[in-house]
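S.K.: Given chain B, work out where chain C should sit, using these hints.
2 protein chains.
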Amino acid sequence: MQIAVLGTGEVGRRLASRLVQVGHRVVLGSRTADNAEAHTWAGENHSAHGTFAEAATFGEVVVNATGGLVTAAVLEAAGAANLAGKVVIDVSNALDFSRGFPPDAVTFDGLGVAETIQRDFPQARVVKTLNTMNNKVMVRPDLVPGDHVVFLSGDDADAKAVTAGLLRDMGWRDPQIQDLGGISTSRATEQFVIMWVHMNGVLGGGSGMWNIGVLRGEDTPFV
Amino acid sequence: MQIAVLGTGEVGRRLASRLVQVGHRVVLGSRTADNAEAHTWAGENHSAHGTFAEAATFGEVVVNATGGLVTAAVLEAAGAANLAGKVVIDVSNALDFSRGFPPDAVTFDGLGVAETIQRDFPQARVVKTLNTMNNKVMVRPDLVPGDHVVFLSGDDADAKAVTAGLLRDMGWRDPQIQDLGGISTSRATEQFVIMWVHMNGVLGGGSGMWNIGVLRGEDTPFV
Chain B
1 MQIAVLGTGE VGRRLASRLV QVGHRVVLGS RTADNAEAHT WAGENHSAHG
51 TFAEAATFGE VVVNATGGLV TAAVLEAAGA ANLAGKVVID VSNALDFSRG
101 FPPDAVTFDG LGVAETIQRD FPQARVVKTL NTMNNKVMVR PDLVPGDHVV
151 FLSGDDADAK AVTAGLLRDM GWRDPQIQDL GGISTSRATE QFVIMWVHMN
201 GVLGGGSGMW NIGVLRGEDT PFV
Chain C
1 MQIAVLGTGE VGRRLASRLV QVGHRVVLGS RTADNAEAHT WAGENHSAHG
51 TFAEAATFGE VVVNATGGLV TAAVLEAAGA ANLAGKVVID VSNALDFSRG
101 FPPDAVTFDG LGVAETIQRD FPQARVVKTL NTMNNKVMVR PDLVPGDHVV
151 FLSGDDADAK AVTAGLLRDM GWRDPQIQDL GGISTSRATE QFVIMWVHMN
201 GVLGGGSGMW NIGVLRGEDT PFV
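For the protein sequence lines, the chains are B and C, in the order given. Okay, so the first sequence: first residue is 1 according to full-length UniProt numbering, each after it adds one. Okay, so the second sequence: first residue is 1 according to full-length UniProt numbering, each after it adds one.
Worth double-checking, as some hints may not be accurate.
One-sided excerpt, in silico: chain C residues whose CB lies under 10 angstroms from chain B [claimed, not checked]:
1. 69
2. 73
3. 136
4. 137
5. 181
6. 184
7. 187
8. 196
9. 198
10. 214
11. 217
Derived pair list, reagent style EDC-like, types lysine to aspartate or glutamate, alpha-carbon separation capped at 16 angstroms [stated by the list, open to error]:
12. C:136 with B:218
13. B:136 with C:218
14. C:86 with C:155
15. B:136 with C:219
Hints were generated in silico from the structure; no laboratory data involved. What you are looking at is a predicted structure, and each value in this text was computed from that prediction instead of being measured. Virtual Cβ for every residue (Gly too), placed ideally from N, Cα, C.
Chain B on its own, in the form it takes in the complex (with noise of 0.2 angstroms):
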């Protein structure tokens, strides 16, 4: 597949390196066409870097690994005709650091990130994932055992198709991936961010190195 990621930093270059790995094409997008960061990344992935527009232009799945407080701007450089029905994978969270650490989780007029992209870009089909864990986590499932999970949030059902068949492509099994409803219940893991920053800091070592998962038990009569 041609997939633009835009955003050079850990995340989208970690994420355009695993779908370059696993067999696509991927152009990574940044603010100017000149970014050193990018340069270097297309270099050593025998890739190319271009513009936010000039990525977008070329995928046919776009993937926003850009901070969720930037977003809006990025997808505006983006452009519009260029997101117009593809699929658009958000994989940010808006942290405001400014009350310190930990940072809160911003959202725009009670909307997330995701939902404020589905509500500017509406022939864009959005699809919310791969933001309740570390980066490493996200393209690398297979070094947490188990079945941790990772969540799918969008109101078009082929788009999340497409999604979970990248999510199968970087290692997710099938148990892992959850579809969690409609886009709107984005808003709910964006704020799952903010437990994750404290339970990294307890639970993880810092390290990132883990993920939440599911333990189901009987529905018996209870007494």
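M.R.: Leaving out everything else, chain C in the frame of chain B:
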């Protein structure tokens, strides 16, 4: 131990019954002394009931099992003097259903319920716990297999130790009891509840008989 459980809803009665079952003396507190559900509960459990203030006076430990939206009024009725120096275990969530289902998690000037309790009753030793799961799982964690988790948040280490003891009495095992840190971390678990609601519909089949666990991987050099 002498324990006050404030709130006669399903959560309060479930907790109160279980605490009696494992050997504690419990007074179930409600707004008025003639509460019919509290009266029935007391008869069935060979225990007493009373007003919020009467219950709080009795309790060495006071459990807030009222809804987070009314907690401030409930604890004011219980009386600051009756909470001073005591372990106050807050299991509540503040859910706003005014925009329909799923609800929003309410904050108060940016603070969660447990944070506002600690702020408004500075002599109480507030611990947040048990607010991230169904009330059956709260009191019978053995009904869900494996190392699913319960969180503790609070500023007072001794109060958290007392709370952990009560959790153990109900069947929680040490690897399941995760101390997240100070009371401010409870805001994260209160925000998690919205994700719980979504997950419960999809993953728990609506039964509530599930919980999250933490799966850990090795922090190996990443390739």
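S.K.: What are the numbers of the hints the structure violates, in ascending order?
M.R.: Numbers 1 and 2, in rising order.
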